[in-house]
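**Q** Sequence:
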Amino acid sequence: MADGSGDPAVFTCSSLPSDPRLLPTLTNAYLGTRLYRDILHVNGVYNGAAGDTHRADIPSPINVRMMLPGVDSLAQTFTLNTQTGTFSHVLQSTDYAAIHQIYAHHSLVHLMAFSITIQRSALTTQPITVQLQTPFVPRSQDLDLHRGPDFQGAHYVYGQTLVPEVEGGPRPTIHMLWGPVPPSLTLGGEERERSWEFLTAVAESEEEAKRSYSQGMAMVATGSLHASHLHAWARLWQGCCVDLDGPLPLRQALYGCLFYLLSSIPPQENPGFLFHGISPGGLSNGTQGEDYWGHIFWDQDTWMFPNILLFYPEAARAILGYRLRGLEGALRNARDQGYQGAKFPWESAATGREVCPEEIYGEQEIHVTGDVLMAFEQYYCTTQDQKLFREDGGWKLVGAVAQYWCSRMVWSQEEQCYHIKGVMPPDEYHCQVDNSVYTNAVARRSLNFAADVARDFSVPVPEEWVDCAKKVKVPFDGEKKYHPEYDGYSPGEPVKQADVVLLGFPLMHPMSPEVRRNDLEMYEPVTERDGPAMTWSMFAVGWLELKEVQRAQSQLNKCFSNITEPFKIWVENSDGSGAVNFLTGMGGFLQAVLFGYTGFRITRSRLRFDPTFPDDIHRMEVTGVSYLGSKLKFTITRGEMGVQVTEPPQDPPASSLEAVLEESGQRFPLRAGQSVSFPTAAGWIQRSPTTAL
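In this text, residue positions in the sequence shown follow the working numbering: the first is 1, and each later residue adds one.
Treat the hints with caution; some may be incorrect.
[Claimed, not checked] Using 20 Å as the maximum straight-line C-alpha spacing, the simulated SDA-like pairs for lysine to any residue come out as follows:
1. K210 to T173
2. K547 to E524
3. K631 to P669
4. K471 to D434
5. K631 to S688
6. K481 to D456
7. K547 to T637
8. K631 to L594
Since the hints were made in silico from the structure, they are not lab data.
Input sequences plus hints: build the corresponding full structure.
**A** Take a look at the structure:
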């Protein structure tokens with residue numbers, strides 16, 4: 001169905017998938033829908049109490065289909081252009097074309113829009129009429145909607161959600177304005193071409209909805225609305241691109257993953273935007289009973305966040321802001337379970353309280369708390385943004401997580417170490433286990449990071465943090481030289497998804513290459529073949545670390561069974577079950593390329609690199625890598641590697657950078673606009689020591 005050649009960023013077909021879940025999603029940071037779906041969602045607006053809370057369904061005025069009934073020899077194409085963030089449906093006859101374009105405006109996030117254009121291509125004078133099918137009804141199962149007075153020709157409804165997430169909690173009000181859609185549009189006999197544009201504005205205040213609608217209509221009048229959307233996407237791609245001289249399916253997969261993930265992040269032009277996180281199926285999905293109800297999991301912090309941070313630390317900061325606003329809920333979660341500090345929920349919505357419908361996960365899958373803090377650590381090391389930690393609540397969160405882990409541990413007199421008992425590891429086939437190796441390792445990492453930040457801020461480090469980090473048990477079989485998944489794990493037991501392999505990456509838990517290999521070989525054959533899509537990406541990263549390129553590629557190739565045609569929509573499980581447009585799987589896949597092929601590793605004082613890629617890739621360019629305030633471009637071939645500072649930091653020369661080769665120790669100063677080249681090898685980017693003078 002997909003075009004087999006051409007632009008890897010453009011997905012085109014002549015017929016749509018029969019499964020509507022596989023239609024492309026159209027989102028920005030605030031609004032989201034799926035093509036030809038009768039509902040849309042607003043980020044952070046949920047309805048329902050506790051485990052029943054789900055994204056509130058809002059009727060969608062942009063669910064419009066274009067038809068030309070009774071026309072013979074009609075060709076049609078459907079195209080998702082990931083470069084422009086626009087979906088197009090084209091009906092082409094011998095005499096004319098009708099073009100339907102739909103988009104969620106990337107920078108004006110309260111707007112969704114579509115246009116119909118009729119173009120005459122022959123010297124005919126017959127009127128041309130396009131039928132518009134619009135099943136829109138302004139009703140919702142989640143909102144108490146009321147009709148308000150029309151505004152500038154637009155219809156207006158508003159209403160509150162019905163049930164708050166927690167008793168006495170807020171019930172957001174939604175305000176929506178939309179231009180009425182006629183049943184048909186006609187190009188007059190003397191006209192060669194004409195376009196009609198239709199807007200929908202959604203906000204949580206009447207003032208914002210009307211302001212956005214007025215702004216949008218003013219831009220329609222000057223012909224600049226869609227152009228401003230194209231400009232926002234052009235800027236986004238200019239600062240963030242991964243391209244390979246390699247197989248087209250891989251390049252298409254990369255563009256698809258980046259497009260769907262970038263669609264979800266806050267706009268660059270709006271640094272104060274209040275962001276409400278990214279759920280596994282994204283903003284387009286998450287109605288009641290679908291895609292985990294639109295809840296936020298570790299998927300955001302562990303699987304999506306590192307890719308966003310690498311290119312757009314401002315957007316990464318907005319994600320951390322969501323976790324900071326949920327800190328009070330996390331403190332309450334810990335108290336409710338009898339522990340100190342902050343326990344982040346396995347499933348989160350608007351308040352930071354646990355909203356998982358099944359109690360066992362909320363009680364036992366506690367590694368999410370360490371996953372959240374690992375995102376804060378990666379951000380801290382990449383940006384050195386001390387304001388977030390000193391002034392904006394980051395340090396309070398760090399300390400609360402450290403306190404939680406200490407209170408969750410119990411001392412084993414027999415083994416002379418700390419245990420964490422009764423947990424569910426990332427491998428959800430097992431529960432109520434003791435000393436999940438991943439959980440305990442991420443707890444250790446949390447405590448070490450908390451101690452590092454305390455020292456940076458000249459704050460006394462609680463002895464308990466140091467003691468618990470040093471003495472928490474991380475299960476290891478000294479005879480077989482591998483990490484058992486938990487106490488009592490028997491080799492050969494089935495595993496649902498990536499678990500122990502995450503010790504090597506992203507945790508970077510210290511181990512020898514022999515142990516890393518043993519972990520990969522122990523768990524690869526027993527991991528569920530058709531399980532969650534992000535799993536095989538992490539096996540690929542492990543084999544790339546060991547320079548076993550073909551084994552890595554065989555693992556990464558498994559991901560393609562989760563990518564559907566023609567719009568590169570990911571399904572959680574390769575049998576089509578689970579969440580759809582599974583951003584978690586996309587995040588894992590991107591990490592396999594962005595951190596696997598390049599060898600990028602974010603450490604306390606360096607951005608390490610150690611490139612390795614398979615035989616069918618000859619060249620790789622990664623544009624827009626952000627590190628300590630600079631934007632970098634990496635160009636990598638088998639023989640040579642180039643690094644260029646494309647944007648210098650705002651406060652030079654305080655943050656001047658240099659590249660260092662590991663084996664030779666050779667240093668290459670990185671200056672704005674200049675590119676340095678050296679033989680492809682392991683090394684790192686760091687702050688230049690001369691800038692401290």
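**Q** The structure should be examined with respect to each hint, and the outcome stated for every one.
**A** The hints, checked one at a time:
1. K210 to T173: Cα-Cα ~14 Å, so holds.
2. K547 to E524: Measuring from Cα to Cα gives roughly 17 Å; hence the hint holds.
3. K631 to P669: Given pair K631, P669 holds - Cα atoms ~15 Å apart, limit 20 Å.
4. K471 to D434: holds, 15 Å
5. K631 to S688: Answer holds: K631 to S688 is near 15 Å, not above 20 Å.
6. K481 to D456: violated, 36 Å
7. K547 to T637: holds, 16 Å
8. K631 to L594: Measuring from Cα to Cα gives roughly 15 Å; hence the hint holds.
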